[in-house]
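Participant: This is what each chain is made of:
Protein chains: 2
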Amino acid sequence: MKTDDNEKNVVWHHATVTRKRREAQNRHRSVILWFTGLSSAGKSTLAHALEEQLHQEGCRTFVFDGDNVRHGLCKDLGFSEADRHENIRRVGEMAKLFIETGVIALTAFISPFRTDREQVRRLVPEGDFIEVYCKCSLAVCEKRDPKGLYQRARSGEIKHFTGISSPYEIPENPELVVDTETLTLDESVQCVMTFLNEQKIVRFSELS
Amino acid sequence: MKTDDNEKNVVWHHATVTRKRREAQNRHRSVILWFTGLSSAGKSTLAHALEEQLHQEGCRTFVFDGDNVRHGLCKDLGFSEADRHENIRRVGEMAKLFIETGVIALTAFISPFRTDREQVRRLVPEGDFIEVYCKCSLAVCEKRDPKGLYQRARSGEIKHFTGISSPYEIPENPELVVDTETLTLDESVQCVMTFLNEQKIVRFSELS
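In order, the protein sequences belong to chains B and V. Heads up: the first sequence runs through residues 1 to 208, numbered per the numbering used here. Heads up: the second sequence runs through residues 1 to 208, numbered per the numbering used here.
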C-alpha cells in the first residue's frame, strides 16, 4: 500500500479485532477445556458430546484429539518422551490461538505429565485453562479397551503406554473432576455444562 | 462412561459438529486466504485490515503471522531452509483446522517457495485455498523497509533474506493478485472483499 495511506489510516492497525470483540460477537467466553486421563477414560467421547451440546447452544467450539493432530500438525512426531512433550506443547500453542479466535477449545489427550499440563496453563491468562480430569480406574479402562491398546501394551508390543509402562500423573488441582467410571455420558456432559454455566463462561438457555 | 450408555447413545458419536454445520451457523464459508509476497509488500497490514472489515460483517476470522506463530507454535524453528519449510507446513496444518472450525483463516507469511504453498493447497479440499499474491516490486519494498530488515540483509547481517539472498518464487496461478504497490490499503481490502463476494464465500450487506 502507499505509505501515506498507511499513515493516514490509523484505524487499520494490527489486531484491531481482539479476542474481547470476538467473545462479544460469540456471546460466550473462550477457554481451553483440557481433558486429561487414561486411554479409554472417555476424554474424546466426552469432548465431542459436550461440543454437540455447546454447538446447539450457539457456541463456537473445536475438539483437538489424536485424530486431527497426530496425522497433521504433529505427524513428524513419534511417541518417545521428548516427542510426547512436543506434541502437548504444540497442542497448547494451537489451543491458545483458538481461544484468541473466540473459540472454546476442547483438547482430548492423555497428557500424562503434570509439567506438560502446567506449561500449557501458563501459556494463557489465568482462568482460561480449565483442566478436566476424566477419572476412571486403570482396571475399568483396561476392560473397555476398544482399540485393544492395553492388550498390545501388556504383551510389550506397544512401549511406554500410559498406565502400563509409563506413568500417569493424576492432576493435583484440576478445575473439574468428571467421574467417567460411574457417570453416564449424559451425566458427564451435564457436569461440565453446569461448571461452564456457574463460571459464567457460557450462559445456557435451559440451565440459567 | 458406562459402556452400555456409550452403545445406547449413538447420537453421541465423534465429530457430529461438522464443518458444514459450523459454516451454516456462521453464515459464511470458511477458507484459507493465503497472502504471499515479499517482506514489506503489505501482507500482514492487508490481512488485518481485511479482517476488521470481515468482522464488522459478522464473519469469524483469524490472522496468522510471524507475531503469533514464530513466538509460539514455531518457536523451536529458525530460518534455515528446512525450518522455513516446516514453519509453512505447520501454519498450513493449523489453518486447515481453523477452516474445519468454520473460521476464515488469513495467513500472512512471505512463503517464498511454490512447493510449500502447493503443499498447503493440497491439504484442503479444492477451492478452500485462496492464494493472494501481494504484488510489490523489490525496489518499493526495500524503500519502505519499516523494520530495517532489507538494510540488514544487504549488509550481510541477515542471511537467506527473501529477495536479496534467497529467491521469491512468484505465484503462477494465484486466485487473486493485489497490486499493493499502487493500490491504497482501502482499495486492496475492497479488491479481496469483491472476490469473496463474487465467489459466494461471504455475502456482504453492502456489496450484494
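Since the hints were derived computationally from the structure, they do not count as laboratory data. Values in this document were obtained by computation on a predicted structure and should not be read as measured data. The beta carbon of each residue, even a glycine, is placed where N, CA and C say it ideally should be. Treat the hints with caution; some may be incorrect.
Beta-carbon label-pair distances, calculated as ranges [claimed, not checked]: (1) B:K159 <-> V:P125: 29 to 39 Å; (2) B:G58 <-> V:R154: 25 to 35 Å; (3) V:R21 <-> B:E157: 17 to 27 Å; (4) B:R154 <-> V:E126: 25 to 35 Å.
Here are the computed lysine-lysine pairs in the DSSO-like style, where the Cα-Cα straight-line distance is at most 30 Å [claimed, not checked]: (5) V:K147 <-> V:K159; (6) B:K20 <-> V:K159; (7) V:K143 <-> B:K20.
Partial selection, computed: residues in chain V whose CB lies under 10 Å from chain B [unchecked claim]: (8) E52; (9) L54; (10) Q56; (11) S80; (12) E81; (13) D83; (14) E86; (15) R89; (16) V103; (17) Y168; (18) F195.
Participant: In ascending order, which of the hints set out earlier in this document are inconsistent with the structure?
Facilitator: 2, 3, 4, 6, 7, 11, 12, 13, 17 and 18
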